[in-house]
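Number of protein chains: 2
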Amino acid sequence: MPVNLPLPQAADLHPVPGVRIGVVEAGVRKANRKDLTVVLVDEGASVSGVFTQNRFCAAPVQVCREHLAAGQGIRAMVINTGNANAGTGEDGLARTRASCEALAAQLGCTPAQILPFSTGVIMEPLPVDRIIAGLPVAIADAKSDHWLKAAEGIMTTDTQPKAYSTQAKVGGVTVSVTGISKGAGMIRPNMATMLGFMATDARVAPGLMAQLARDLAEGSFNRVTVDGDTSTNDSFVVIATNKAAHAEITSWDSAEGQALKAAMLQVARLCAQAIVRDGEGATKFITVQVEGGKTAEECRLVAYAIAHSPLVKTAFFASDPNLGRILAAVGYAGIADLDQTGIDLYLDDVHVAVKGGRNPAYREEDGQRVMKQSEITVRVLLGRGTASDTVWTCDFSHDYVTINADYRS
Amino acid sequence: MPVNLPLPQAADLHPVPGVRIGVVEAGVRKANRKDLTVVLVDEGASVSGVFTQNRFCAAPVQVCREHLAAGQGIRAMVINTGNANAGTGEDGLARTRASCEALAAQLGCTPAQILPFSTGVIMEPLPVDRIIAGLPVAIADAKSDHWLKAAEGIMTTDTQPKAYSTQAKVGGVTVSVTGISKGAGMIRPNMATMLGFMATDARVAPGLMAQLARDLAEGSFNRVTVDGDTSTNDSFVVIATNKAAHAEITSWDSAEGQALKAAMLQVARLCAQAIVRDGEGATKFITVQVEGGKTAEECRLVAYAIAHSPLVKTAFFASDPNLGRILAAVGYAGIADLDQTGIDLYLDDVHVAVKGGRNPAYREEDGQRVMKQSEITVRVLLGRGTASDTVWTCDFSHDYVTINADYRS
Numbered sequence: 217m218p219v220n221l222p223l224p225q226a227a228d229l230h231p232v233p234g235v236r237i238g239v240v241e242a243g244v245r246k247a248n249r250k251d252l253t254v255v256l257v258d259e260g261a262s263v264s265g266v267f268t269q270n271r272f273c274a275a276p277v278q279v280c281r282e283h284l285a286a287g288q289g290i291r292a293m294v295i296n297t298g299n300a301n302a303g304t305g306e307d308g309l310a311r312t313r314a315s316c317e318a319l320a321a322q323l324g325c326t327p328a329q330i331l332p333f334s335t336g337v338i339m340e341p342l343p344v345d346r347i348i349a350g351l352p353v354a355i356a357d358a359k360s361d362h363w364l365k366a367a368e369g370i371m372t373t374d375t376q377p378k379a380y381s382t383q384a385k386v387g388g389v390t391v392s393v394t395g396i397s398k399g400a401g402m403i404r405p406n407m408a409t410m411l412g413f414m415a416t417d418a419r420v421a422p423g424l425m426a427q428l429a430r431d432l433a434e435g436s437f438n439r440v441t442v443d444g445d446t447s448t449n450d451s452f453v454v455i456a457t458n459k460a461a462h463a464e465i466t467s468w469d470s471a472e473g474q475a476l477k478a479a480m481l482q483v484a485r486l487c488a489q490a491i492v493r494d495g496e497g498a499t500k501f502i503t504v505q506v507e508g509g510k511t512a513e514e515c516r517l518v519a520y521a522i523a524h525s526p527l528v529k530t531a532f533f534a535s536d537p538n539l540g541r542i543l544a545a546v547g548y549a550g551i552a553d554l555d556q557t558g559i560d561l562y563l564d565d566v567h568v569a570v571k572g573g574r575n576p577a578y579r580e581e582d583g584q585r586v587m588k589q590s591e592i593t594v595r596v597l598l599g600r601g602t603a604s605d606t607v608w609t610c611d612f613s614h615d616y617v618t619i620n621a622d623y624r625s
Numbered sequence: 217m218p219v220n221l222p223l224p225q226a227a228d229l230h231p232v233p234g235v236r237i238g239v240v241e242a243g244v245r246k247a248n249r250k251d252l253t254v255v256l257v258d259e260g261a262s263v264s265g266v267f268t269q270n271r272f273c274a275a276p277v278q279v280c281r282e283h284l285a286a287g288q289g290i291r292a293m294v295i296n297t298g299n300a301n302a303g304t305g306e307d308g309l310a311r312t313r314a315s316c317e318a319l320a321a322q323l324g325c326t327p328a329q330i331l332p333f334s335t336g337v338i339m340e341p342l343p344v345d346r347i348i349a350g351l352p353v354a355i356a357d358a359k360s361d362h363w364l365k366a367a368e369g370i371m372t373t374d375t376q377p378k379a380y381s382t383q384a385k386v387g388g389v390t391v392s393v394t395g396i397s398k399g400a401g402m403i404r405p406n407m408a409t410m411l412g413f414m415a416t417d418a419r420v421a422p423g424l425m426a427q428l429a430r431d432l433a434e435g436s437f438n439r440v441t442v443d444g445d446t447s448t449n450d451s452f453v454v455i456a457t458n459k460a461a462h463a464e465i466t467s468w469d470s471a472e473g474q475a476l477k478a479a480m481l482q483v484a485r486l487c488a489q490a491i492v493r494d495g496e497g498a499t500k501f502i503t504v505q506v507e508g509g510k511t512a513e514e515c516r517l518v519a520y521a522i523a524h525s526p527l528v529k530t531a532f533f534a535s536d537p538n539l540g541r542i543l544a545a546v547g548y549a550g551i552a553d554l555d556q557t558g559i560d561l562y563l564d565d566v567h568v569a570v571k572g573g574r575n576p577a578y579r580e581e582d583g584q585r586v587m588k589q590s591e592i593t594v595r596v597l598l599g600r601g602t603a604s605d606t607v608w609t610c611d612f613s614h615d616y617v618t619i620n621a622d623y624r625s
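Protein chains in written order, with my numbering: chain A, 217 to 625; chain B, 217 to 625.
FYI, nobody ran anything at the bench for these hints, they're computed from the structure. Ideal Cβ positions, reconstructed from N, Cα and C, are used throughout, including at glycine.
Away from chain A, derived, C-beta distances all over 12 angstroms, residues of chain B:
id: 1; residue: Gln225
id: 2; residue: Ala286
id: 3; residue: Gly287
id: 4; residue: Arg313
id: 5; residue: Gly324
id: 6; residue: Ile348
id: 7; residue: Ala384
id: 8; residue: Thr390
id: 9; residue: Gly423
id: 10; residue: Leu424
id: 11; residue: Ala426
id: 12; residue: Thr503
id: 13; residue: Asp565
id: 14; residue: Glu581
id: 15; residue: Arg585
id: 16; residue: Thr593
Chain B regions said to be covered by chain A (calculated; three or more residues, Cβ under 8 angstroms):
id: 17; region: 440 to 446
id: 18; region: 521 to 528
id: 19; region: 610 to 617
Kindly generate the complete structure, drawing on both the sequences and the hints.
This is the structure in structure tokens:
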């Protein structure tokens, strides 16, 4: 059961002019499940992406980087679930290229105008014949109001689709921003998430797109973690179809740039947080907020140490205010000159620790009250400076073990 | 159920001339359990220790460092389980000092000749009155053949005591080496383990002792991990009582020095591995061996990334050869210029991956066969150099979650 994650409704998702989506059951791994998605993008769109920093990156990630660098203009994306095509060597690259070639031939573009994505089991051969066979059906299915269907078509261990949408006024014109994401385990994105796709019809100067993808990922997907395992396939792609009637955005510092970016960051953050809310076995949504650091980096180190600690995560699962475990994680996070007597800890509004020791006024029942909630904010004050950072995570439950012990069966 | 960890037998543990141990039920946290241990050391012994690098180190760790630095010669150790006296601020320090003062008064030495140790729950006040009340009874109980009783007296979530012993010939004289350890969770020692104590009657020049503790920890406790959580209380102490009749060891490069160190490393490693075999919820003992690195450091990075990955650990629990998860962990371990096409992976003798991809000769049933064993070696060849390193860990089971969700109740 995801944590406070309402099912998205197709009617709430704004179509983005210039983007059509088709989804089919191609039998990649299992029968009777939507597992192949094509996203068709009109000519003239600007596309950028950020990808996993895992050195064992998957074949489709390598090909995406090549094709974006080629700069021929992206016309379509092909996304399969059920198989990650990672740890598959030269053969894996060849299979990904074959799927791009097949889609390009049907669309009348070049293979370098296709971006491929895969997610699922690692180190098994991609059944590319089934994917190629499914492409004509997926193209025939393509419609602008298929965002929810796409969110369903990219799921793996996700218990529900993740899709968000908003609109913003840019230069007096209403533009749409819609995004989808997937992922529930092997989630500790580094520059991107498992899979995230966003599109807007806003007009954005092509030179601004790379910065946009990086900034959105930094403020959203790069701040969530489920289990600390950075995937081989993380990919986050941003599309601006440039269909809207406003003047082109040429700087993120302009009023129009800020309005668009705020709307896009809102959708990206909801997509990223949805991954945590639907984290494998999650029963709680935890915000870890670290303040008073010398740098944002050291705040992030501390936040991730807390967010990755199996002891902290199991205590949240048990609603047990065993809060010394949080102090222990702060202590081993890696700040060499950290002074424990400067540290305060809050659980929501409850002041648990003062200057490195238990707050004399802290009562166990107050900690207990907060720990029982489904949404909890852990606030650590380092007392060293004015920097801060925030990470979102979930707890660690029996279901995480069950899901990951049985994933392939 | 620990993994292939026979119960130690008192008769197998060599007494160490110059060391006597007393253990009592002091009611630190729970009634009817051995929870207070005193180790009495004859005058003339050399003692050194290494301690947690967690910046949130416990009060007893801070006091141990002070007392070792004072250089007055250690005469006793006082060890309680049930309460870690960590995250307790100035009050925690005062309580630890009070226990040292009480023991020193009874032994006729100075407080700086006492080393205090605590293990258990973090951020709760140490019931020092009960500890002080138990000291006379513990002293009266002191005998040289109480090593097993001490191993029992320092347990927390351990399911069984951990004690090892050997003898070595040094300069023609037989010396004894006996060690005990405890710990099952919050185990990713950094310079030491949760608690480990070793003694020998060998004669060692005092100036060699600090190096000895560091070297033994590096080859044993600093190579094991259960859950990646570095404790606030890790302490590893080495005692040489200098009672044996051989000539004093004045260099670790001498034949005598090497003989003693080898015997001590053997005991230290067994003590450290016992912690993993009895790791919280452990059902398997995993050796992660990384070879072909440019440096031992990068091999260790990779070994720990594998050993800490919740996805890898749950796959071992399930006996599921979902081995791509190991490649993913290699990829995110932090080697920036790692080339995935240079990497081979073995599971015991089974060659799983060749040059970053699945070995064409690999058969699922071979991986399955190894995964079902209770002892497994993961061998990663990085193909970058000649350095190597090894880490020992366990799997991640439902019982880990159960144990840590219920620890305080």
